[in-house]
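*Asks:* Listed below are the residues making up each chain.
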Amino acid sequence: DVKVTQSSRYLVKRTGEKVFLECVQDMDHENMFWYRQDPGLGLRLIYFSYDVKMKEKGDIPEGYSVSREKKERFSLILESASTNQTSMYLCASSGRGGGDTQYFGPGTRLTVL
Amino acid sequence: GQSLEQPSEVTAVEGAIVQINCTYQTSGFYGLSWYQQHDGGAPTFLSYNALDGLEETGRFSSFLSRSDSYGYLLLQELQMKDSASYFCASLGQGGKLIFGQGTELSVKP
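Residue numbers (our numbering), protein chains in the order written: chain C, 8 to 120; chain G, 51 to 159.
Source of the hints: derived by calculation from the structure; they are not laboratory data. Please read all numbers here as calculations on a predicted model, not as lab measurements. Treat the hints loosely; a few may be bogus.
On the chain G side, residues computed to face chain C include the following (Cβ under 7 Å) [claimed, not checked]:
1. Gly78
2. Ala92
3. Phe95
4. Ala134
5. Gly142
6. Gly144
7. Phe149
8. Gly150
9. Gln151
Cβ coordinates follow ideal geometry from the N, Cα and C atoms, glycine included.
So that you can see chain C by itself, here it is in the shape it has in the complex (with noise of 0.2 Å):
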């Protein structure tokens, strides 16, 4: 089975902070994703990753950042939190073909205050 793992169920942080949040997944895929999702908005993706060291944009990145060192392992980075990035984030993997079926994790629910 397809496992993709987050850090953190549930986070608090303080406005200002840098915030760190981990995704592993064991599936050997190559495209690594981070999404935010808040109600009535659907996901909405924020970086993705081809491949190790690899990052592209996704359609709301300001604020954010990422790395890519290791192929199982992407993160997303908060610089310095604010209360507008409390959210839901979702992190997914993908292989190439086949529909690109898209693996989440169990998310992380982050509140800045």
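Given chain C's structure and the hints, the job is docking chain G onto it.
*Replies:* Only chain G this time, still in chain C's reference frame:
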């Protein structure tokens, strides 16, 4: 811009059939996917249509018409456990998905 439109909520009774429509306006379109998400859970893959026509997977079927930029998810023999949010998503280059806002399905006894 790129967008997908789907109804925000649908209600149906156990045992019934429900259809969730999705219209899309995206560039570099490869196909249409559907994901299910239960409250508090992660989205899980349901189906994918790369070509026009109907794809059937058990009680769930998905349809795509590229010429109409339209697709739907059909759920048959509804069960209470089918109460969830359903997202259509267009697949673009590099495995990138653009998601609709989601349809909340409520199944009543």
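*Asks:* All hints, please: hold or fail.
*Replies:* Verification of the supplied hints:
no. : hint   : result
1   : Gly78  : violated (13 Å)
2   : Ala92  : holds (4 Å)
3   : Phe95  : holds (5 Å)
4   : Ala134 : violated (14 Å)
5   : Gly142 : violated (10 Å)
6   : Gly144 : holds (6 Å)
7   : Phe149 : holds (4 Å)
8   : Gly150 : holds (6 Å)
9   : Gln151 : holds (4 Å)
In summary, the structure is inconsistent with hints 1, 4, 5 from the numbered list given earlier, while agreeing with the others.
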